[in-house]
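Visitor: For the record, the sequence lines run as chains A and B.
Just so we're aligned: 305 in our numbering is position 305 of the first sequence, and the numbers increase by one with no gaps anywhere.
Just so we're aligned: 539 in our numbering is position 76 of the second sequence, and the numbers increase by one with no gaps anywhere.
It should be emphasised that the hints constitute simulated quantities derived from the structure, not laboratory data.
Where is the CB? At the ideal position from N, CA and C, for every residue including glycine.
Mixed in with the good hints there might be a few duds.
[As the list claims (entries may be wrong)] Distance windows between CB atoms, simulated:
| no. | chain 1 | residue 1 | chain 2 | residue 2 | range |
| --- | --- | --- | --- | --- | --- |
| 1 | B | Gly562 | A | Thr383 | 45 to 55 angstroms |
| 2 | B | Gly693 | A | Gly364 | 32 to 42 angstroms |
| 3 | B | Lys504 | A | Gly70 | 57 to 67 angstroms |
| 4 | B | Leu731 | A | Gly364 | 50 to 60 angstroms |
| 5 | A | Gly439 | B | Asp645 | 23 to 33 angstroms |
| 6 | B | Lys504 | A | Gly439 | 12 to 22 angstroms |
| 7 | A | Thr383 | B | Gly542 | 53 to 63 angstroms |
| 8 | A | Gly364 | B | His736 | 31 to 41 angstroms |
| 9 | B | Arg721 | A | Lys77 | 40 to 50 angstroms |
| 10 | B | Lys661 | A | Arg355 | 41 to 51 angstroms |
| 11 | B | Lys504 | A | Glu306 | 54 to 64 angstroms |
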Amino acid sequence: MAKINLNRVEMPRQKPEVRAKNYNEVALGYSAEQALEEAERCIQCPKHSCIDGCPVEVDIPAFILALREGRMPDAVKILKSKNALPGICGRVCPQETQCEEVCTLEKKGAPIAIGRLERYVADWEQENMGASPVDPVPPTGKKVAVVGSGPAGLTAAADLAKRGYGVTIFEALHVAGGVLMYGIPEFRLPKAIVQNEVNYVASLGARIELDSVVGKLVTIDELLSSGYGAVFLGTGAGLPMFLGIPGENLNGIYSANEFLTRVNLMKAYLFPEYDTPVRIGRRVAVIGGGNVAMDSARCALRLGAEKVYIIYRRSEAEMPARREEVENAKEEGIIFKLLTTPKQFFGDEQNNVVRMECYEMELGEPDESGRRRPIVKEGSEFTIDVDVVIVALGTTPNPLIASTTPGLETSKRSTVVADETTGKTVKNKVWAGGDIVTGAATVISAMGAAKRAAADIDAYLRG
Amino acid sequence: MYKILLKQDLVPNIHLFKIEAPAVAKKAQPGQFVVIRIDEKGERIPLTVADWDKAEGSVTVVCMEVGTTTRRLATLSTGDSIADFVGPLGIPTHIEKFGTVCCVAGGFAVAVVMPIARALREKGNKVISILGARNKDLLFWEDELRSVSDQLIITTDDGSYARKGLVTEPLKELVESGEKVDRVIAIGPSIMMKFCAKTTEPFGVKTIVSLNPIMVDGTGMCGCCRVSVGGATRFTCVDGPDFDGHQVDWDLLFARQRTYLEEEKRSLEQWQHQCGDYS
Numbered sequence: 001m002a003k004i005n006l007n008r009v010e011m012p013r014q015k016p017e018v019r020a021k022n023y024n025e026v027a028l029g030y031s032a033e034q035a036l037e038e039a040e041r042c043i044q045c046p047k048h049s050c051i052d053g054c055p056v057e058v059d060i061p062a063f064i065l066a067l068r069e070g071r072m073p074d075a076v077k078i079l080k081s082k083n084a085l086p087g088i089c090g091r092v093c094p095q096e097t098q099c100e101e102v103c104t105l106e107k108k109g110a111p112i113a114i115g116r117l118e119r120y121v122a123d124w125e126q127e128n129m130g131a132s133p134v135d136p137v138p139p140t141g142k143k144v145a146v147v148g149s150g151p152a153g154l155t156a157a158a159d160l161a162k163r164g165y166g167v168t169i170f171e172a173l174h175v176a177g178g179v180l181m182y183g184i185p186e187f188r189l190p191k192a193i194v195q196n197e198v199n200y201v202a203s204l205g206a207r208i209e210l211d212s213v214v215g216k217l218v219t220i221d222e223l224l225s226s227g228y229g230a231v232f233l234g235t236g237a238g239l240p241m242f243l244g245i246p247g248e249n250l251n252g253i254y255s256a257n258e259f260l261t262r263v264n265l266m267k268a269y270l271f272p273e274y275d276t277p278v279r280i281g282r283r284v285a286v287i288g289g290g291n292v293a294m295d296s297a298r299c300a301l302r303l304g305a306e307k308v309y310i311i312y313r314r315s316e317a318e319m320p321a322r323r324e325e326v327e328n329a330k331e332e333g334i335i336f337k338l339l340t341t342p343k344q345f346f347g348d349e350q351n352n353v354v355r356m357e358c359y360e361m362e363l364g365e366p367d368e369s370g371r372r373r374p375i376v377k378e379g380s381e382f383t384i385d386v387d388v389v390i391v392a393l394g395t396t397p398n399p400l401i402a403s404t405t406p407g408l409e410t411s412k413r414s415t416v417v418a419d420e421t422t423g424k425t426v427k428n429k430v431w432a433g434g435d436i437v438t439g440a441a442t443v444i445s446a447m448g449a450a451k452r453a454a455a456d457i458d459a460y461l462r463g
Numbered sequence: 464m465y466k467i468l469l470k471q472d473l474v475p476n477i478h479l480f481k482i483e484a485p486a487v488a489k490k491a492q493p494g495q496f497v498v499i500r501i502d503e504k505g506e507r508i509p510l511t512v513a514d515w516d517k518a519e520g521s522v523t524v525v526c527m528e529v530g531t532t533t534r535r536l537a538t539l540s541t542g543d544s545i546a547d548f549v550g551p552l553g554i555p556t557h558i559e560k561f562g563t564v565c566c567v568a569g570g571f572a573v574a575v576v577m578p579i580a581r582a583l584r585e586k587g588n589k590v591i592s593i594l595g596a597r598n599k600d601l602l603f604w605e606d607e608l609r610s611v612s613d614q615l616i617i618t619t620d621d622g623s624y625a626r627k628g629l630v631t632e633p634l635k636e637l638v639e640s641g642e643k644v645d646r647v648i649a650i651g652p653s654i655m656m657k658f659c660a661k662t663t664e665p666f667g668v669k670t671i672v673s674l675n676p677i678m679v680d681g682t683g684m685c686g687c688c689r690v691s692v693g694g695a696t697r698f699t700c701v702d703g704p705d706f707d708g709h710q711v712d713w714d715l716l717f718a719r720q721r722t723y724l725e726e727e728k729r730s731l732e733q734w735q736h737q738c739g740d741y742s
């Protein structure tokens, strides 16, 4: 029996007090020695449940073996044959609930750090291989339109381009990447990495049209009648949810989308060198408990806030954010006010938010999400002085596509209805995948859906 | 990159840009706007569409210098390019045969009112236009607006041209006059739109305004442009920019437009310093 090493190699990270003042990546990446040490822990078990745990079915044992044996180009090839964005996934996938959760060594508390190894291989490729030569593919002569250049759109485009289709991606913003660019901060996902991955997709032959708002500039029906054989919708869930409580339109109250877009996409942390401003609060309250809330809080901290609060209505056990990001936030000094929810906001004569009144909560019976329902404790109101509030409650799909596309079916939650396995919608020649179908979820699940849709589009167009 | 096919200085601090954007030109409708970004470090700002030419593949916007971005834009010339031009955004102005429509244009907004007045006239409306400027040097497109109106009334705050006064004065006379006015469209500085709406409210004449809050993406994903209309929160970029002027919470709009006064000042100081302009 293979010798089992339960010493999981730690990811080197910037110290909290240092990183709380900069936007550089927190996780520094494995060295070659660390990567080898971790790769050697993998017992290459015959069960390899890890592959099933991966939404895009990366052949994990194979790339780890290649790494261990010093066959790095092979590791890259194996990884990229299934995952077009490994530098991104290695950083932001919740591996702890996917491949690593079902790792044979998980039961012994030391699953292989698959995500860290994936990142290592992806970064190695960028540093050592430059632009990988792309195997020429016989063109099918058919065109596919992809709407949205986030994880779903990029993945669908990559897979379709690899199958010989003429792909055009239509992106509303002035850069490609979607939530990878505007949502996830630099210190968690460097924009240079995102740009490399976008360049890779372009190198496969996909054309990217920026500044192109489908639904305004051109409709889905117009795309279909102008020569595109199929359309894939990967427009995400970009509509912010607000609390709907008094005072929410005061100055200094942001949706997380707005705050993160100003900071990450428009680089407001470099204002006034970059022209887009963002209000730098002294006391910032972030409402929510997911990854976006953690990202928002950690950005606000880096902008120079004295105190940053996470205000979450349930307890820590129910927080949907990645454990790792909650730990990072705590280490950086973010204050967690759990079992708390805002009641209303108060402002000054200039309409600036100055104070927030909150309720304490307690947990009752589980609700539809399976988590214990938060219940307001009557009479428990208390106030916190705040000058910036970031509402990170979640997002739903932007209704723009649905409202300009006759024949598309949407659910009560504004998501586009699509087959779970194929991504096919009820509208002829239109597929969809990612957050626009599931509501806000993960980068990797969007990629998995996009791969399935691309395969189905290919089958359809081949007749 | 989007080329500036023509840059025209209309009056002091107000400039016209005809931009090469064929796809946007094909789709632009009156009342819609575009979001532009000059370069990599620039911010995204909304500008309402003044005109478009499908054959030429161009869209025309008019902007007034207020802060750093509009001043930087003013330094560009015919032949230069800007990084981004996104549109057409927003819901187009609702055009139908209402009967008699009064179009009120405040200052530089004559550019924005033009395509609306033209479309209304083409639909068979009687168009009475009111054009107001601070003084005669800031007046432009008088003949253009006259060409699409059945009647044109001009006001200048200081009386240096035509009638002395604010646009609300002839507007009030019109709605009081007994002539049936079916709709008013008032576009200009927010304070002007507010007072136009207040003027028509006692007479129950539907008044459409085009709101101008701060924006970032312009496609409905951030909520920066949120306004309160009839007690409900709306996103100007996707639910507007046209709204019922009698339902708008004007004080909230003014307050939110002042969110970045400090930052705007800092930005302008930095830019002026970079230009060597210490005025």
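Visitor: Measuring from beta carbon to beta carbon, are A:Thr383 and B:Gly542 in 53 to 63 angstroms?
Guide: 57 angstroms, holds
Visitor: In this structure, is the beta-carbon distance linking B:Gly693 and A:Gly364 contained in 32 to 42 angstroms?
Guide: 36 angstroms, holds
Visitor: Would you say the C-beta atoms of B:Lys504 and A:Gly70 sit inside 57 to 67 angstroms of each other?
Guide: 44 angstroms, violated
Visitor: Range hint 50 to 60 angstroms: satisfied by the CB atoms of B:Leu731 and A:Gly364?
Guide: Given range 50 to 60 angstroms: holds, Cβ gap about 53 angstroms.
Visitor: Starting from the hint 12 to 22 angstroms, judge whether the C-beta atoms of B:Lys504 and A:Gly439 obey it.
Guide: Distance hint for B:Lys504, A:Gly439 is violated at roughly 35 angstroms.
Visitor: Can you tell me whether the CB distance of B:Lys661 to A:Arg355 sits inside 41 to 51 angstroms?
Guide: 32 angstroms, violated
Visitor: Does the hinted range 31 to 41 angstroms hold for A:Gly364 and B:His736 at CB?
Guide: 59 angstroms, violated
Visitor: Would you say the C-beta atoms of B:Arg721 and A:Lys77 sit inside 40 to 50 angstroms of each other?
Guide: 56 angstroms, violated
Visitor: Holds or violated: 45 to 55 angstroms for the Cβ distance of B:Gly562 and A:Thr383?
Guide: 54 angstroms, holds
Visitor: Holds or violated: the 54 to 64 angstroms window for the beta-carbon distance between B:Lys504 and A:Glu306?
Guide: 28 angstroms, violated
Visitor: That 23 to 33 angstroms hint for A:Gly439 and B:Asp645 (C-beta), does it hold up?
Guide: 44 angstroms, violated
The structure is inconsistent with the numbered hints 3, 5, 6, 8, 9, 10, 11, although it conforms to all the rest.
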